[in-house]
Each structure stands twice: as C-alpha cells, then as structure tokens.
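Engineer: Chains as they are written, first to last, in the numbering used here: chain D, 1 to 303; chain G, 1001 to 1239.
Source of the hints: derived by calculation from the structure; they are not laboratory data.
Please note that the accuracy of each hint is not assured.
As the list claims (entries may be wrong) - In silico SDA-like pairs for lysine to any residue, Cα to Cα no more than 25 Å straight-line: (1) D:Lys90 with D:Phe50; (2) D:Lys200 with G:Asn1108; (3) G:Lys1105 with D:Thr214; (4) D:Lys92 with D:Asn71; (5) G:Lys1105 with D:Phe217; (6) G:Lys1133 with D:Ile205.
To be verified - So, partial list: chain D residues that the calculated Cβ filter (under 10 Å) puts toward chain G: (7) Val207; (8) Met208; (9) Val211; (10) Glu215; (11) Phe217.
To be verified - Not close to chain G: a few residues of chain D, all C-beta gaps over 12 Å, as computed: (12) Ser68; (13) Glu80; (14) Val151; (15) Gln165; (16) Leu210; (17) Gly212.
On a predicted model such as this, the values are computed, not experimentally measured, just so you know.
Backbone N, C-alpha and C define an ideal beta-carbon position, used for all residues, glycine too.
Given next are the chains, with one letter for each unit.
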Amino acid sequence: MASQSKVFESFLTRTLSHVNQTRGAFIWAFLTIGLSLFVLTFILVLLFHFRQLLVEVHQKTIATVFLSVSNETEAKQFEEQVQMLSTQIKTKLVSPEKALQKAQANWDEQLDIAFHEQKIKMPWVLIVHSESDDPSLSDFMMRQLKNYKQVEEVISPGVAIKRAQWTLRSLYGLGWLFAFLLAVLVIVVVMNTIRIHVLKHLVEIRVMRLVGATETFVRGPYIVEGFLLGFFGAILAFLLIGIFYFCCFHFADAVFLNDLQWLGFYDTPISIFLSVLIFGSALGAFGSFLILLQDYESEWRSS
Amino acid sequence: MQSTLHVTIDERGFGVIDFHHVTKRYQGQERSALDDLTLSIQDGDFCVLMGESGAGKTTFLRLLYCAERPTYGRVIFMNQDISTILLREIPAVRRNIGVVFQDFKLINNKTALENVGLVLWVQGQPANMIYEKSLSILQQVGLDSKAHVPCGYLSGGEQQRVAIARALVSKPRLLLCDEPTGNLDAKQASEIVDLLIGANLKGATVILATHDPNLSGAHRKKTINLSKGKLVGSASVDL
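Produce the entire structure from the sequences given, and follow the hints as far as they go.
Structural biologist: Here you go:
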C-alpha cells in the first residue's frame, strides 16, 4: 500500500534514486575520485616507504669513536659515560683485536706488511648508533663526544647522511603536499557533483523546508551520496593500485621497476588502505556538507 | 480605511499571532515593506489581508512562516517569539503552519498523494499512516480519483486543491494563503475559498492575502488593510 508511493522512501533509497537520476555526473565523479584516491594511495605508500628509509638512515652509525684508553675497563667506563648522554643511542665497543680483524678484511698485502713493520697498535673503538629518527641527535652526540679526553678521533658519516636525510625529507614533504592537493581535488569534485544533484532537486528541497523538514532530513541523502562517492572511489583506487603493482612487478619484471622492489605493495601496512577508505568516505561526506552549507541561509530564506 | 467596520485589533488582547511594532526593510529599498505594524490575530480567525501589490501582504506572511526576520519589532506565534528564532528551530514552527501559494509550489513529477504525503513524511510519520491521511485529505478536497496522477498533469484548480490538501494534512494551527486564487477562474476561486472556510470551521486560523476586494468581501471575518507597508484599517465581523 504505502510502497506504491515513492515519496516515503528511506534515506538510502532516496540517495540511490538521486544517483540514478544523475548517473552521468555520478559516474564521472566516481572515476575522478577513484583516480585521485589511487594517486593519493600511491603517494601514501611511497610516503610510508620514505619514512622507513628515513628512519633507517637516521639509525645508521652516528659516529665511530677512536679511544685513547689503555685497557678494557677504561673503555667500558667510557662507554657507560657515553650511554648516559642519551637514551636514544646504542653503543658497541670494539676491541683492538676485533678492530684489526675488521680492518684487515679490506687491506691488501702491502698495507698488511706496512702495518706489521711499523707495529701500529689498533685503538679501542666505540661505535654509536641512533635509535631515533631525530637528525639533531647526531650533531649533539658529535659535539659531546669531542669534549672527552679519552677520545682521540671521531668519524661521522655526517654530510652524506644529512644530504640523504634532506632529500628524503623534501620528498616526504612534497608527498604530503600532493596528498593534500588531491584531497582538495576530491572535495571539489564531490562538491560539484552534489551541486548538480541539489540544483536538480531544488524545488523538492525548498518544498521540504517549507513543510518543516529539518536540515538533517534534507541534507541526509546528499551527505550519504558524498560518502558513497568517497567510499567507492577508494575501492576503485585499491583496485587500480593492485592492478598497477601487479603489472609493474609481474609483467615488467625485467625492466627498471624491478629495482624498485623496496616500494613493495604487499608489505605496506593495511592501515594505509583503511585510512584511505575512511578518509575518502569522510572527504566525500565533507564535500557534500560544504556545498549544502554554502547557500544554506539563502536557500532557507528563499523557500 | 473601512471606517464602518473598524475596530482596534489589540482590544481583544494577545492572540495566536501578535505583531509588535514590526518593521521590515529589505536591503537597497528606500521604503519599508512593513512599517511599524502592531496587530493581533486570534485563534480560529479567518483573516483577510487586503492591499494593493507591494502593500506588504507577502512580507507579512513570510514573517509568519519564518522566511524573513523583521528589521525591528517582534512577531509572536503561539507564545513564541519567531522574530529571533534560531534556524534549527524553524522546522518546528513550520510544522504548525500550512502555506498555500499562488504558484502552488508543488513537485510536478510527484503524484498528488506524494506531494501531500511529503508533509507527514518529513515529520517522520509511518508510511501506512501517511498513505491513509493523505488519501483522506485528498478525498476532502475532491481529488482522491487523481491521487496517483503527477501534479504536472493536473489543472490549475486541481493543483491548488492539492496545495491546500498539503497545507491541511498535518492539521496546522495556522493556514497562510498568499493570493491562492490569483491563477484561477472565478468558479475555481470560489471552490478554493470554500475549502479555506471549511478548514477555518474545523479550527484552523486562516490568513488569506489577496488584492481582490470581491473575494475578501464575501468571506471575511476579519480584515486587515495594508498600504505601502502600513496598517491603514482593520475590521472584524461575525459571519
């Protein structure tokens, strides 16, 4: 009986009815949002791997410290002092014998003979690693280590690591900027799509407001529509990402992309994809909300 | 000024609607659409709002269904000051008001039943109730046979009857009619006014804005004359 009349539709049915009435615009928006979220997801995957790299670079050796100590006790005392400087470092003490073994692995015969002839004694060596991704820790440690009288020389990878860090940080920042722009693009596409739908139903919206419909009732289906656009756009993005990786790492195995295996898809945490799904849906709903908010006052007044 | 019928409306005390020194001035307009208007309309009144085009009749009605706010003064409806009402509170006020327009304001691609049912639907009533009440009110305005016809296919008179059915279906306290017969011939106009009188007899307060003196003269119970936004006369008669 009541089902004879479409006016009594639920939110979801109303939303689907709106979508059906403006299929063209919806499909266009869906594809655009899907592509945008695909690029966004890809950027997030890249950012994740950049982040990993950045941490790895930071965690490389901060410094190799050559000590002027005469025995193991003094060396261990110095190691303890260094460990007191920061909780975010790890140290490794290398005895002269081990230092010699390591050094000899890279020596040629002539160097070996020269070493024995001159009876050079290897020092105790303290290797300092960082457990933090804070680049200022490296500078701090270098400054502190140079102040100890037991320290003969401090060697740091310094410049090269800083350059790598700067490059990675720049790429990281650039990635976030692109991600932000894509998020704005998604909002704009959703806003335009919903605007088309709102204009198509303007009379209906005005009549609804006139007869006492609340804003939740009026806006609900449009916000659901924006949410669905974002949600299915994110699903499309995942499909595209999957296809992209499959093509790159299976069919294009022999080409340069093989060298980019570190940008692995399968070891990317699921949280990134979940975030895109939630974020995409939220962006869709937010875009709808914005467009309905834009002329809320004037719409209400003109009813 | 209709001197023979003139009474001071305020003499009857506070009513369902009270205007206190209401002035409405639109941006960029030199003259106020309504100028220091003070009046009271009682519950159950059939009130005819008279005046030439631009007299302020539509503004008067728009203030009542919260489509405008007064520039100065207060508008009280059912003991609530609706001149300072919050936007989110407007739907609750509008659910007590039925509005009929000259241009009907129906959704043309929806059926008469759907247009009428819309009012109950936005109020969250169950679907079977909506269907029954909508059909019942369409019967009362003589349109039950066309309940499932899209409004775009109905004649002007029929569309206006659907609009009246829509305005009455939720049994509002107040029925506002803005030139409801403006697009209709004399016979249709008479039928529409009969429907409005019927609604009034069932308890709704009716405010009918018109510039047609014949229409207002035949059915008025109370008349408010506006000219250039000012109250130039008001009268009450017992029919």
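Engineer: If you test the structure against every hint from before, which numbers come out violated?
Structural biologist: 16 and 17
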